[in-house]
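Protein chains in written order, with my numbering: chain P, 3 to 368; chain B, 3 to 368; chain L, 3 to 368.
Hints were generated in silico from the structure; no laboratory data involved.
Virtual Cβ for every residue (Gly too), placed ideally from N, Cα, C.
Please note that a few of the clues may not be correct.
[Unchecked claim] To give an idea of the chain B side of the interface with chain L (calculated C-beta under 10 angstroms), a few residues:
hint, residue
1, Pro111
2, Glu114
3, Ile115
4, Gly160
5, Arg343
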Amino acid sequence: MPHTIAEIARALGLSAEGALDLTITHAAEPASAGPDALAMATTPKYAAGLAQGQARAAMVWAGADWRAMGLQAAIFAPRPRWAMAGICEMLDPGYDFGGGVHPQAFIHPSAEIGADAQIGPFTSIGPRTKIGPGARIAANVTVAEDVVIGADVILHAGARIGARCVIGDRYIGQPNSVVGGCGFSFVTPEPSGAEDVRATLSGERLLRAQKWHRIQSLGAVRIGDDVELGANSSIDRGTIRDTVIGSGTKIDSVCQIGHNVQMGEDCMMCGMAGVAGSARIGNRVLLAGKVAVNDNIFIGDDVIVGGASRVYTNVPAGRTVLGDPATKLETQLEIRKVLRRLPRLSAHVAALQEAVFGKQSVKDKD
Amino acid sequence: MPHTIAEIARALGLSAEGALDLTITHAAEPASAGPDALAMATTPKYAAGLAQGQARAAMVWAGADWRAMGLQAAIFAPRPRWAMAGICEMLDPGYDFGGGVHPQAFIHPSAEIGADAQIGPFTSIGPRTKIGPGARIAANVTVAEDVVIGADVILHAGARIGARCVIGDRYIGQPNSVVGGCGFSFVTPEPSGAEDVRATLSGERLLRAQKWHRIQSLGAVRIGDDVELGANSSIDRGTIRDTVIGSGTKIDSVCQIGHNVQMGEDCMMCGMAGVAGSARIGNRVLLAGKVAVNDNIFIGDDVIVGGASRVYTNVPAGRTVLGDPATKLETQLEIRKVLRRLPRLSAHVAALQEAVFGKQSVKDKD
Amino acid sequence: MPHTIAEIARALGLSAEGALDLTITHAAEPASAGPDALAMATTPKYAAGLAQGQARAAMVWAGADWRAMGLQAAIFAPRPRWAMAGICEMLDPGYDFGGGVHPQAFIHPSAEIGADAQIGPFTSIGPRTKIGPGARIAANVTVAEDVVIGADVILHAGARIGARCVIGDRYIGQPNSVVGGCGFSFVTPEPSGAEDVRATLSGERLLRAQKWHRIQSLGAVRIGDDVELGANSSIDRGTIRDTVIGSGTKIDSVCQIGHNVQMGEDCMMCGMAGVAGSARIGNRVLLAGKVAVNDNIFIGDDVIVGGASRVYTNVPAGRTVLGDPATKLETQLEIRKVLRRLPRLSAHVAALQEAVFGKQSVKDKD
């Protein structure tokens, strides 16, 4: 899709200078950009790569001296990632969903599919399921029975939507994502060892042989508008109520959300993060990669949980936490400073013990 | 499915009081319960929600003053989760597997499918595979060749069973769960860097370029009765012997079990937990969410591994462990107490150094 | 497949002794080996199991006294795992891909499939996609449009390859593995809370409601030769450039590789490890199980990251790191030694404070 610099600048609401009628066909990193590419040189660091490439036009930072970079035209991006979103949307080649309902798809006679649906081969749509207009559904997808899905959704190959789930508009299910696996909820007839430990915080307990009985999930999963679920990620259904994901929330690949979780709006959950059963997550919460959130706890609005942190207890709104166990960010940074020199700290204590209590003390007391 | 309070109490072996002929159609949380719901008010905390809802009947704790809660009838649940399992089973609407073998399923002529099987569209059953009676298999499932599966299993959409795997009765494979991916087992012609490090516990080593050669998995996966495998979870096949999962073991979503693992009976493995290759896990072991178990180690019977712990070494039977690296629960709780005030501890040591060795000492020694 | 001891030894380039014409049909662990099995008794520890089994022949370590073990023949393996790779390849029964293109597969008329392809039922190959000769593709696989795949690849059930991805020869995609999910890349119109925290390393910040806008992935995934991707693992596509995986790199089950990642050759990434977006990983890097690599960092050649470590910052070539946060191996082992006795260290400091500053000091200062 060729575009002139002028067209792009206009579409993105950005200013441009130079040969505004120069045409580009795609975006590229500066070092690998050919003459028809718009180089993404949005910081001086990235712009350094222009010399190795052949770009004639680039997206640059506000005030950049684009002529000195050997360019013929430049678009100014004061907020580079925001401009990147615009340019990527404009140049997106999209995916090929086949243009209609494939003859080898299976759509149950009682299902209702909205206008302009594209549905790939070997995709199965179950009884009484309703899908809104504009659906783009790839091959090998399963939507089970009694599901309600909004308008303009995208379901990539291998995406699964379980029975009775309700999903809003513009949902994107990445390949092999799962909505509506059963909740992981079991109980033993008599209290189990784990229950003892939770009650007593003690590792000493009686052993007993017991079988796990399943607590069936009567609930489903309810998802708002504009939600995305990453590849190989999973959201389990609720026990009595539904598991709920608020509008605007984005979930990365290989994530897991347990049964009964209530997650708010506009959250972001990065790769391999997990939220255990019955946790409640506020709005605009950011869970970085590999984060773990304990079951049954509450995370307030606007909380940021730093990379690979483990959150075992409630976090009040607005707080940034980090670590295992997670603490306030500032506390954790202090803790980590000391941790790194823990062996030295230990040696200092030994030296102090020797000085204060005498040579024997270190050996005696440790 | 409407039921009277009397019917439910009788089926669950519980006592009830009040309007025993009152009819409910489903279970609900107290705050959102309508007049036809059985509210699950099994603790005073949950019961507080009754005022916001319209429930006429509830499941309550032993001795609860249900009349004071404005109810017309109550069922008493001395062990609420156990009663919950009963009520959820009774009210479970189940899943729609289509009632028979779908014409668009592929069943290899040499496969043997037991009586009363339900098999969805685009599901493929491979050569010589035997599946017991009562199977409920959704759409888009793959069961490869030479598999043996017991009676009354459920395979949800996208579940995969690899060649030569053997699975007992009542297995539940959640959506996109995988049994029988190849073991992750590779070797370099000469010792690799990782082998050096394991041998010497030193990070200093010679670098050398080598290719990884695959060790084919000759083994399969053998699974007992009453096992469940969660959405997007994976169990790899063994190298020479089979990977084994004992009867009654339940595995949550997004879990991984490596090649050759021998896991016992009635274990529970929560979301995003992983067991590395050749580890042996006893019976009734509980691995909480995000737990990591090292390869080639042994975890004894009845061990409980707390949330997000990393277990690098053997754990004797009956122990509860926590942390990274995992230690006995009590030890870890003590460690975490100190960790949280580590910066203060460090400051105390600095003050002691100054008092004992003089001002210069802190700067000198650190 | 029966083989004589002589045949096996010759094929593997190993020496053998005893009844060289003795025939074995499969490999087994010593304790469970029948009379027709080759027992893998490659260490004295494994050989101890021979007494419980019925093996007549075994693979043993160099110099082992095989006659004293009651064997009739032995093959000597000076590097057991290397010999294991050979024997497993020789005895591998392989998988049944059906011998040709299944009539219930869908291959788009514009796709080009190389000679000798085997393609299972309900597998979909998209428009303009090219697959090299010798492909073995199971049931329920999806290869999207404009994909290029080399020779002799194996795609197991449920494997997904997204649009425009390029994959080399001998790729193995395990069940439900995903190549080419969209990158997880979003931006808010104004700086988000997370950006503030990164900029200031402070948890204090203004709250504001904003929506996440998607940055479309224009890039795809480019994979070299001899790469393997594990069950339920995922590699996301790049934003402007492709996500790249070098030749010879092996990735285990339930792993995640974010958008734009550049991973070198002959790396090994073990179960549940994750690499966040835009990280660069050198050649021959080993990421052990459950490892987390932060976004935008650089890991040099030959780095080894120990089990469950979290790497937040660059790691120079050749280093072995461990822990959370990861440090040099030796440092971490020292840190862990002190960690384990941290409560005692704390008590020592309290005793010192009392001795030096008086009884009141401990209470006052803590």
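- Query: Checking against the hints above, which ones are violated?
  - Reply: 1, 2 and 3
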